Amino acid sequence: MTNSPLDALNRYRVGGAVRDRLLGYPSNETDWVVVGATPEQLVAAGLTPVGRDFPVFIDPASGDEYALARTERKSGHGYHGFNFYAAADVTLEQDLQRRDLTVNAIAEDANGELTDPCGGVSDLQHRLLRHISPAFCEDPLRVLRVARFAARYHHLGFTVAPQTLALMQQISASGELQYLSAERVWRETDRALGERDGAIYVQTLVQCGAFEKLFAELAGSPVKQEQLCETLAAADRAGHNSAEKFALLCARASDAGCTPRSDNHSIEQLCKRLRTPTKTRQLTLQLCRFGPALRAPHSLSAEQLLAALQGSGGLKSADKLAQLLHCAARLPQPPLATDSEQLLTLQQSLAQISIADIVAAGASGQEIGETLYQRQLESVQALLESH
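Take the sequence shown: its position 374, counted from the start at 1, is 374 in UniProt numbering, and no numbers get skipped.
Hints should not be assumed to be uniformly reliable.
Simulated crosslink set (DSS-like; lysine-lysine; CA at most 25 Å straight-line) [as the list claims (entries may be wrong)]:
1) K316 <-> K279
2) K320 <-> K279
3) K213 <-> K224
4) K316 <-> K224
5) K320 <-> K272
6) K224 <-> K272
Computed spacing ranges between beta-carbons, pair by pair [unchecked claim]:
7) T91 <-> A182: 21 to 27 Å
8) E385 <-> G24: 42 to 48 Å
9) V43 <-> A219: 54 to 60 Å
Since the hints were derived computationally from the structure, they do not count as laboratory data. Since this is a predicted model, take the numbers as computed values, not measurements. In this text, a Cβ means the ideal position worked out from N, Cα and C, and glycines have one as well.
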């Protein structure tokens with residue numbers, strides 16, 4: 001078998017791949033650090049350079065990420081505010097010591113031998129997320145990363161070290177969080193909410209004072225932040241995906257009443273500011289406006305319920321309605337007053353009302369739309385009267 005040119009590099013597996021292997025936890029990422037090499041040598045080994053801030057390379061065959069061992073020095077605000085030094089004389093230990101948490105500063109060579117200068121293996125055994133040095137404070141992104149790791153490994157018994165939480169509080173109070181890009185905040189939030197205990201992400205941000213800085217639109221809600229976490233915990237238990245959890249977080253914070261609402265301006269502004277994906281934004285706004293109505297349709301008139309089905313997209317799509325009902329079941333109020341199957345059956349009945357049949361019966365022009373609406377209204381009224 002021919003050896004790969006990469007085998008000639010003094011390379012070490014680092015970060016999440018090592019951490020998760022030691023935990024026996026599934027991981028889909030493999031990062032490498034290369035010691036004693038130059039960018040030219042990595043290119044010659046078949047790697048493709050990417051990024052502008054420091055020498056990072058991708059293996060086209062595996063997708064693995066390679067980086068030259070480097071040190072860094074704070075030079076400005078935010079997580080971009082660093083000067084990097086990546087050269088052949090940077091040691092493996094120097095590279096590991098500039099990382100965020102001890103559990104992320106373990107390296108493994110080709111023979112499975114570990115290099116652990118910061119005590120990461122011990123912290124894994126003690127289920128502790130602990131910073132490496134006071135330099136932790138230099139990168140505000142670490143607040144979100146630690147909160148995400150707390151969510152990811154909560155079910156394994158991991159907690160944030162008190163000293164680390166204190167540094168996160170210090171970062172939150174410093175104003176450095178404002179320099180994080182919207183894309184990066186959303187990326188970390190999306191990944192964290194996708195974990196099985198996404199509520200722990202928000203809970204950790206609340207504990208360190210970052211939630212009110214990063215999600216001011218939600219922090220200003222009359223709903224207590226503990227209640228937001230309770231709703232997210234219910235969503236975690238019910239197996240909701242990341243987009244649904246974010247929508248529920250916003251819907252709970254909006255504290256909407258029992259009828260369709262259109263005054264969710266702050267939620268819409270939050271989605272725009274974080275640049276959430278279009279589908280996530282649509283789901284969030286639909287749940288905020290129509291979730292309470294779908295929980296208690298019998299408190300509405302036929303006209304209001306039909307408007308809710310139309311406005312939420314549930315009239316046209318059974319899948320959309322099912323998703324909204326699944327999410328609405330997690331809202332604490334109004335009291336859940338109907339079986340979701342009833343509304344799904346109603347949606348099927350409404351979808352079967354044929355415009356072609358209306359035209360065949362002699363309707364034309366504006367009369368077609370009016371007749372369609374009346375037939376839909378009759379079906380909705382029949383459901384309400386059957387309750």
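Now for the hints, and whether the structure bears them out:
| no. | hint | result |
| --- | --- | --- |
| 1 | K316 <-> K279 | holds, 16 Å |
| 2 | K320 <-> K279 | holds, 11 Å |
| 3 | K213 <-> K224 | holds, 16 Å |
| 4 | K316 <-> K224 | violated, 35 Å |
| 5 | K320 <-> K272 | holds, 22 Å |
| 6 | K224 <-> K272 | holds, 24 Å |
| 7 | T91 <-> A182: 21 to 27 Å | violated, 36 Å |
| 8 | E385 <-> G24: 42 to 48 Å | violated, 57 Å |
| 9 | V43 <-> A219: 54 to 60 Å | violated, 47 Å |
Hints 4, 7, 8, 9 from the earlier list are contradicted by this structure; the remaining hints agree with it.
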